[in-house]
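Student: Below, each chain spelled out in residue letters.
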Amino acid sequence: MNIPTHLILIPALIVLAITIVIVLVAIRHTRTTTEFYASGRSVSGFKNGWAIAGDYMSAASFLGIAGLIAFFGYDGFIYSVGFFVAYLVVLFLVAEPLRNTGKFTLADVIAFRLRNPAVRIVVAVSTLSVCLFYMIAQMVGAGSLATVLVPGSNPDWAIVIIGVLMLAYVVFGGMFGTTYIQILKAVLLMAGAFLLTILVLAHYGFSIGAFFDAVAQVKGTVKNAAGEVVATKNFTQPGLLYNGQWGPLNLISLGIALIFGTAGLPHILIRFFTVPDARAARSSVKWAMILIGSFYVMTTFLGFGAATLLGKANIGIQLTGQRAEEFILKNPEKAAVLQKQFADNGFIVPSPNSNLAAPMLAQHLGGDIFLSIITIIAFTTILAVVAGLTIAASSAFAHDIWLMVVKRGKESESEQVLVARVTAAVVGVLSILLAIGFKTLNVAFLVGLAFAVAASANVPALVLSLFWRRMNTTGTIVGMLTGLISSIVLIAVSPAVMGVDAATVATKHLIQAKALFPLDNPAIISVPLGFIAAYLGSLYSKDPVAEAAFPESFVRGNTGLGAEAEVKV
Amino acid sequence: MTSPDSPQPPSTGAGSTRWERIYHDPSFKDVIRKRTWFISCSVAFFVVYYFLLLVLVGYAPGIMERSVIGSINIAYLFALSQFVVGWFMMWLYLNRARKFDQENEAIIAASLISSVAKGSAPGRKNA
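Each protein sequence line maps, in turn, to chains E and H.
In case it helps, the working numbering puts the first sequence at residues 384 to 952.
In case it helps, the working numbering puts the second sequence at residues 59 to 185.
Isolated chain H (complex conformation):
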């Protein structure tokens, strides 16, 4: 990288750079589609689960105050469950991300071969 600014001058014309070839690569699009779906569902789930606690605590304290075991009530257990759910979502993400990594590596390797075949320099800078 010669300039201290990160972006390279954006090139014009579709498919002319390695970035665009990968971007339009069907197998890359496939990984991105799966990744986007997984991330959207997960984010929607934990955001809803979190605000459900706040809404219930705010608007339905009567339900939340009910005892579960002795003096421990639904409100405390629900709040505590946010930690358990959070750690579970983290584990889920780490697992899925490992798979996406492997699929991405295959795509990068393939693009490297094709760019060598086309005679253009493989653009792995700083590596």
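So that you can see chain E by itself, here it is in the shape it has in the complex:
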């Protein structure tokens, strides 16, 4: 995967130049808090739909899902389905009432009826946890991606470059700049995925039947706990990833986290405060669903395409010539397999890496130019997602904790914007340091954890406060803390964090011991726990003020009467 430097540098500089222009324009639009946090509420539904798609389709979606399908076949596609269906939950339950009752943050909506600083602190803590978990995963991903796509590069540099750019975009560009960077990224990502899909289909003469016949020729094996092969399946068949005793429950638990978690992701929710009214919020979900749905349908062509055209064993860093021969000599236990690969292809892949499925497919179909374009798209994708997360985290701290709790709502506009900028910078620096600290650990579980916390803490509190009159301060705090703590504890003792690795494994489990909880994702337990705790907490406490405010919040939520208005600039 040695890309000539000028090929990677030219598209990188073009994208960088466009983003700098965006930020320079954006500086003039980030003077007030409404501009800094919500882009003046003047983003159209169509643009916001693209921006939501940009915020949502992370590197985990693009590289991760394509890789899962390329390595495990059908089961990887289940992720795509969940990420899409999640938007029905957003559309039917959350988007419009959120726009109608909120100002800048999730806490504005949840604390609407509950005039209690403790609620704001709990919601802000939950928001900050989700943002940090997700952000570290993205940035560590960027670091490891850099080392494989640009051989010889230092992962720390990739993390610092991504971190500093993201920080500059948010601090200077605010929500206005972030919005246009999301749109740019979404356009690039959709175009890249579409081109790859067309090239894969062209390879099969645009015959879907021939394509699937080829997919059915790709075989994978199912192993039991002892590592013995118990079944062989082809890639159109389910069960290569989710199998064994806990496979089906793992699948269902993941599904719960995906479809409910999205409606609690802070960086997605704050996008609904950037549009003029509830109708525009609705139309943003429409455009987002059209884009996100088309993209996830295309992931099957990317993933299956990589499986058929490249093959799992060939996806990863390749060694050729003398380096390959030396590696085979040093690893006699794998020599037979590697020697055959060397004889067939002229290279060996010592450790297959699923994240490289999409970039290598691009190289196979379009050469180095296409590889470098897809590489730049992957980095732009990570950059845009972390920028969205940074602004969500900064509003949770600067607006919810600093302004509403510490300053009790009294601070001038210019000071608020200053605090927001400083917070964004601090969040950015913190995530750079954490990502460098965690770079050798297997942090894939953090994305699952972010979705689990969002689904178990944020969604019960948000949905119940919007639709249930009895929901009150005690219920909100008890429910959110239960959801937050149970998901973190369960994931800490799950196979995603606990496991005993062999000495040769490069990225190790965080805790080297046998897992205590059998499922990778805790949502099947923690989401019901979050709802039950919120329900019981409200039932066993009285809060007449919160109940008396329900008619206002409900009428506002349903009609948009008295909602925060658009700012004309």
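Treat the hints with caution; some may be incorrect.
[Said to hold, decoys possible] Quick list of simulated restraints, FRET-style, between CB atoms:
#, chain 1, residue 1, chain 2, residue 2, range
1, E, A501, H, L135, 24 to 32 Å
2, E, H586, H, L135, 20 to 28 Å
3, E, L584, H, S98, 20 to 28 Å
4, E, K713, H, W149, 55 to 63 Å
Note that these hints are calculated values from the structure, not bench results.
A virtual CB, placed ideally from N, CA and C, is assigned to each residue, including glycine.
Mind docking chain H on chain E? Use the hints.
Tutor: Same frame as chain E, now just chain H:
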């Protein structure tokens, strides 16, 4: 809005604010009843339809592996149908929401007239 916090101080006594008058308005309750029914049925439907895929893939892979056309099996078509059903539900929601909007507008207009008649200020802030 004078305070940066969204909620106005909750008022006491039923029917004393414009929000409560609308909240207790029979035609508003009627719209809400229809809306709640529509949303509950739709959410129940797509949640069940989604988890049906996961349950069948997990517990009945034998059925899901059956071929439909050539190498394309039930599992893939069922997963693909989630997208078609999702877009259909989206279209359905957009259509219904437009009707609810119109009914809400009529209710808001009526409440505006009644609050002017009662001499209290129409509470449309920021507009």
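Student: Each of the hints needs a verdict: does it hold here or not?
Tutor: Evaluation of the provided hints:
1. A501 of chain E and L135 of chain H have their C-beta atoms about 50 Å apart, which leaves the hinted 24 to 32 Å range violated.
2. Range check, H586 of chain E to L135 of chain H: Cβ separation about 23 Å, and the 20 to 28 Å hint holds.
3. Between L584 of chain E and S98 of chain H the C-beta distance comes to about 41 Å, which lies outside the given range of 20 to 28 Å.
4. Our hint of 55 to 63 Å for K713 of chain E and W149 of chain H holds, since their Cβ atoms are close to 59 Å apart.
When each numbered hint is compared with the structure, violations occur for hints 1 and 3.
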